[in-house]
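Protein chains in written order, with numbering that gives the first Met the number 0: chain G, 0 to 452; chain Y, 0 to 356.
I should point out that these hints are in silico values taken from the structure, not numbers from a laboratory. Think of the CB as a built atom: it goes at the ideal place given N, C-alpha and C, for glycine as much as any other residue. Be aware that a few hints might be false.
Have a look at the derived ranges for each label pair, beta carbon to beta carbon [to be verified]:
hint, chain 1, residue 1, chain 2, residue 2, range
1, G, E400, Y, E316, 52 to 62 Å
2, Y, T63, G, D402, 39 to 49 Å
3, Y, D133, G, D434, 44 to 54 Å
4, Y, S264, G, P432, 54 to 64 Å
5, G, D288, Y, T58, 51 to 61 Å
6, G, H404, Y, D133, 24 to 34 Å
7, G, W62, Y, E54, 14 to 24 Å
8, G, Q394, Y, T263, 12 to 22 Å
9, G, T317, Y, L157, 14 to 24 Å
10, Y, E54, G, E400, 47 to 57 Å
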Amino acid sequence: MDIISDTKPKDPFTITYPTQVQTSLHSQATLARFDPSGRFVAAGRADGSARIWDLDTKSTVRWLEGHVKSVTCVDWSRNSTYVLTASKDWNVVIWDLSSETDPPKRKNIIRFDAPVASASFHPRNRHVSVSQILLVLLTPGDAYIVDLRSQHRSRVELCEVQEESDEEYQSHSNKHRSISTVARFDPSGKHVFIGTSNGQVLVFNTRTKTMIARHKITGAGSLKSLEFAKNGRRLVTNSQDRTLRQFTLPLYAPPSVDGIYIEQELEPTYRFSDPINKVAWHGMCYSPDGEWLAGGAADNATHRIYIWDVGNDGQFVTALDGGREPLVHLHWHPHKPAIASTTNQGNVFIWHCPTPERWGAFAGGFEEVDENIEYEEREDEFDIEDESEIALRKQKEEEEEVDIHSVEVEKRGDYWKWNAADDEDIAWADDEPDDDNAGWKLKILTEEEEPMN
Amino acid sequence: MDPFAGMDDSTTDDDNASQATEDDPQVPENKEPPAPAPPQPPPPTSSSRAKPHYELKHTMRGHTSSISAVKFSPDGTLLASCSNDRVVKIWSPFTGELIRNLNGHTKGLSDIAWSSDSVYLVSASDDHTVRIWDVDSGLTTRVLKGHTSYVFCVNYNLTSTLLVSGGCDGDVRIWNPQKGKCIKTIHAHLDYVTAVHFNRDAGLIVSCALDGLIRIWDTNSGQCLKTLAEGHDAICQHVQFSPNSKYILSTAHDSAIRLWDYNTSRCLKTYTGHANLKYCIAACFSVTGSKWIVSGSEDNKVYLWDLQSREIVQVLEGHSDVVVAVATHPQQNMIASASMESDLTVRVWVDRVALPQ
């Protein structure tokens, strides 16, 4: 909304993180995610259902009823046509919101042989509107890339390379085989990052499904979650030692035929932790511009979100207080200073950044000032000017062309520089697009008519 | 907008009062000096731009009192008109046939709007209610009650999840059409709210009123973000966002239509040459071919201006009374216009070039 930034005095210290709860959505949810447009929130529930909230009206527009055990993860396709729910009932369901029914039609049901811990759409898929490549992590620790495209139909497990020749690693792997605890696509979708129970981050190529790097994170312990800044070069990890670490990722070379991978220890650029209470973190999320990091504290008495300014030396900025219902999940809005945080009572708080009421806005042509300023008269301010001259000048000004029609293409999701022409990985992902089209609108289903008075 | 709101029903004090305020041709007395006259349109130059060639295609009769609004459905298949005779009529713009009457309001109608899927139509009435109609069945699906006076204007947002209405009580109300409930009431103006419109992402609402002010509101918080004051004798009658929501188009009682950049509060274009001193006349954008501004006029004509050069490019003659409502077809070069008491027709005009040969 240009108007806000433009009517306010330009303030270099403009706050760009949310500060207040705007709405609480009573969802009985355990997690909630914004869609890429920011208009909807999908809230997954312990009873196996999920609700789609419309934030314009703050009302539920769809119930996704299908799972019989709790929903562990939700994700949206690029243009919000498809929603994915993963559940402890061993299934991943892809819902087609463009169907004119409630609950919506299921586009795919993908069955596994264990509870599903997480699932997500391929991000490049989102970019060109294909929702058919999924990354799925099962509770026992198996990560799969599931490809639903007819030409590529497959389900491939991502396996860590055990190097027999390397003595150190032989002894290491003999001690205990690591278990995958978290799996995420990076924002380009070229790589899959897998966090393990012994403090390692493994990097796989999505197309070839081969491991291309292994990063040891000293002192972290078992990894709990991974998040990326939208440019894909920064990674933040949440681990057993109650510390969030931010890393700058190296550039990964395309996978080599002989299966060589990088073995590299990553040094965090910042570590974030609560020095006083030493709380653990239920989750973290970057702001869309990557300037801020929000951490959801796993405090069992209060709802707290810590904000760090990662664009400015990683300084701690504030702790948002959301009351007495402890936080279990949080997600930052795709392009606004807004956060959806879920409480253990199942409420989803929508945080926003309120603008102060400006009474000057009610009077046309007036400007509000914060303190007295000495008014300096312009040289020609009270000069008498010929009316016809004014009219002539106005007419000149009106010659300027205006564009009333074209809409600037939103920049969301385009932080990653794509060069599909010479990139095999992207060409592979772009194969077989589906019908998740931009400009699609959710059909409004009017409820049963209430008796009219 | 019904310029004769309550006129055929002038038994109550309220109605008389409304008439006095609304139809008063006199500009409210103002001590401030009059605004400079809007600049005259530039002398017609031999422009290389294309000119429209609209011709009358259909004349639809049926309304028995002043028509206040015409609107094409977003899919382009239907044309709706509403009138002070309490009826919404649904027409085929291609054949000129009457398809359906929507009956139910107990007083005259001032405005209508289509949902983006062309399934629902919403109407604003002097009976203080807003009705949502299922156009296919012709039945009312919701009656929105809350306004304490005549409802004068109404609009959907682009996704049709929200409705906004403005009333003669000076309030702007935001509704959830699915539930039929009022979400927010903004005490927006001190006089009749004559137009309300959402921007593309529904984050902003623009409103204007007979108090002469154009205001921009934040939909979520209901806060006023900006006020644009027109010239002192230019009481604004109608406002809307441009198709890309970067500008707003306003019509005012100094016979001028203005295009504003609301971020800088600057008037970018002024369109003049028509007559608009008394009635609430709406203007609209035509973007299907070349870019025109289309408006009715009190000299019984429809005017088309070139968006950029501000020249009058065509004048459509045919109506025998003030043309208060115009609409442009969403996909084709087609214009609908409607007129008042002694004319009572809806006319459909089609660009000759666009006609099948």
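How the hints compare with the structure:
1. Between E400(G) and E316(Y) the beta carbon distance is about 30 Å. The supplied range of 52 to 62 Å is therefore violated.
2. The beta-carbon spacing between T63(Y) and D402(G), approximately 43 Å, falls within the hinted interval of 39 to 49 Å.
3. Look at D133(Y) against D434(G): about 28 Å separates their beta carbons, and that is not inside 44 to 54 Å.
4. S264(Y) and P432(G) have their C-beta atoms about 44 Å apart, which leaves the hinted 54 to 64 Å range violated.
5. The hinted range of 51 to 61 Å is satisfied by D288(G) and T58(Y), whose Cβ atoms lie roughly 57 Å apart.
6. The hinted range of 24 to 34 Å is satisfied by H404(G) and D133(Y), whose Cβ atoms lie roughly 31 Å apart.
7. The given range of 14 to 24 Å is broken by W62(G) and E54(Y), whose C-beta atoms sit roughly 52 Å from each other.
8. In this structure the supplied range 12 to 22 Å holds for Q394(G) paired with T263(Y), their Cβ-Cβ distance being about 19 Å.
9. Restraint check, T317(G) to L157(Y): a C-beta distance of roughly 35 Å breaks the suggested window 14 to 24 Å.
10. Judged by the Cβ atoms, the range 47 to 57 Å given for E54(Y) and E400(G) is violated: they are separated by roughly 29 Å.
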